[in-house]
Amino acid sequence: MAFHLRACTAAFTIPLLVAGCTSPESLCPPKDIGMWSAEGETEIYIGDDLFIYINGGAEIYHEYGFVQVAVQRYVRGGDSISVEIYTMDGDAFGIYSFARSSSGHAVKLGNGGTSADYYLHFWSGPELAVITAESEFDDLGAAVLEIGAAVAGCLQPGGVEPDLLDQLPNDGRVPGSEVYFTGRLAILNVARPAAVLFTGFEEGAAAGHESGEHIVVLRWADKAAAVEALQEARRLCEASGEVVVETEDGGVAEFGTGGHRILASGSENLITLRVQREEQ
Amino acid sequence: MSDKKNGHGITRRDFVAAGAAAGTLLATGAGFGEQSQAPPLDLAVAHGPDVAKNTAAVIEAHGGIGAFVRPGQVVNILPNAQGSHPGTSTDPVLVRTVVDLCKKAGAKEVRWLTWQSEKYFERSNIDKLVTGSGANFIQVDSNDESQWKNFDVPKGLALEKIRVFKILEECDVFINMPIFKDHIGSRFTGSLKNYMGASHPTDNRLFHPSFEGEDLLRMEQCIADLNTVVRKPDLIVADAMTILTSKGPFGPGDIAKPQKVIAGIDRVALDSYGATLLGLEGKDVTMIADAHQLGLGEIDLGKVRIQEMEVG
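Chains as they are written, first to last, in the working numbering: chain C, 45 to 324; chain G, 7 to 318.
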């Protein structure tokens, strides 16, 4: 965990403050990073206390198995950068893939990172680091990366990307657009039309396609559950008067929903969706 | 017609500049300091790099702060303070400008209301700018039931009861001060959703227990329902200077800089306009459509009298 506070986290009411809890020597990242200095105390929020830190929007972190977040602000004159280290109950790739910029570029930090114009996400093991410039200044991008590099050495090692990502087609996939999810709120944001139709899946992965489509792969517990989910989606479409097109082999269904067209194909306990706007 | 700038840095030409791209009906005519012959405005929209000037301009377009606040009155304000990530909190300068205008108009007291921890306001830097302005920070205790009013929601389609802090109603003037931005649950947050800053946080979390099935859109209906019982705004001043367009409401995410401040009274119209800044229409946002269905305001911007102005 970042900020190396394990020994004292359990003993304090949240938010836990670093002062008096640990010596500066044990802090990781350090209080000073280049010209940047830690301002104030590190705040730590555990479990439902995330709602104290994030008012609206905390649900997505819980959906991905949130355990705690440590927050520290760094300042240099009038400039400031926030560091947030989220710890999840499993590998942090999922929340990383959801939270990162969809238009950023890859950086080699932790197991993988994405840098956008004023912020940076990267993950390692169960931890997600989010480095955000809070104000505008000349060397903003370099400063965010500098602090990110200092934080990277503090994260727990390990972690692997979920196997389900391998089910996404490689041809035409937009690099860095992959999102892994296990819950409703994530799919609602990643592929809203699919979220309306498909429920009960155990995990999913999505990615952009160069055609403009969104590719979504959903996995159910078994084939029977996947078939039932496909039938339920069909019922929902028919009940709302949306278009449903059966293909000859019966293995692929085409839905129209909310201005989108979804082409669904099943294989064992997986359903692959190609989601596109109807004008495409 | 002269193009000489008035005290707000706005030219007559700018003042009547087209908002036609958004399908808006312009209220053309008088510049500041003149009696307008145009019909009353629904929305005033100021575009420019200076948030303070924009804020002053939109209020002036509605007749000036004196049209809303009279000497001796108590004013409640409700900014959105989310945190330090860019584009997530109501611009502190906007808040300070409104407070200063209210004070200048002779307000006896300006009260900035919240149930949130002070840390939100520290992080968003609102506290630094508003401290010293004379506004009183009122932090409602969510654990003290005496500070909350229980509302039945007779028009509610999803919400039957809701607690809202009592002090919201205990004023002469209420000014809602949202920021327009993305929201992962409802796609958009603005005037309507900002009222969740006045409803009890425990009740708020029941708006969206699972995002499953029918529950998927429950939060949006709950927000519309909430708006049927809370105190109506006397004025809304919305921040659209720098806004989060993805990964909202907390970010960090993509940022847009519309450099606009919008003022009006119609919550639905304001949010419908705000949605366009995120590439949406009001009807795309279920919460806005639900509120329109409940008679809370106009969703069709073609029917809304909008005055757009450039502010130098």
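The hints are simulated quantities; they were obtained by calculation from the structure and are not laboratory data.
Only a predicted model underlies this, so the values are computations on that prediction, with no experimental measurement involved.
Hints are supplied without guarantee of correctness; some may be wrong.
Straight-line Cα separation of at most 27 Å, BS3-like style, residue types lysine-lysine; simulated pairs [stated by the list, open to error]: (1) Lys114(G) x Lys167(G); (2) Lys75(C) x Lys167(G); (3) Lys125(G) x Lys75(C); (4) Lys172(G) x Lys161(G); (5) Lys155(G) x Lys167(G); (6) Lys125(G) x Lys161(G).
Structure-based check of all given hints:
| no. | hint | in the structure |
| --- | --- | --- |
| 1 | Lys114(G) x Lys167(G) | 33 Å, violated |
| 2 | Lys75(C) x Lys167(G) | 48 Å, violated |
| 3 | Lys125(G) x Lys75(C) | 21 Å, holds |
| 4 | Lys172(G) x Lys161(G) | 20 Å, holds |
| 5 | Lys155(G) x Lys167(G) | 10 Å, holds |
| 6 | Lys125(G) x Lys161(G) | 35 Å, violated |
Going through the hint list in order, the structure does not satisfy hints 1, 2 and 6.
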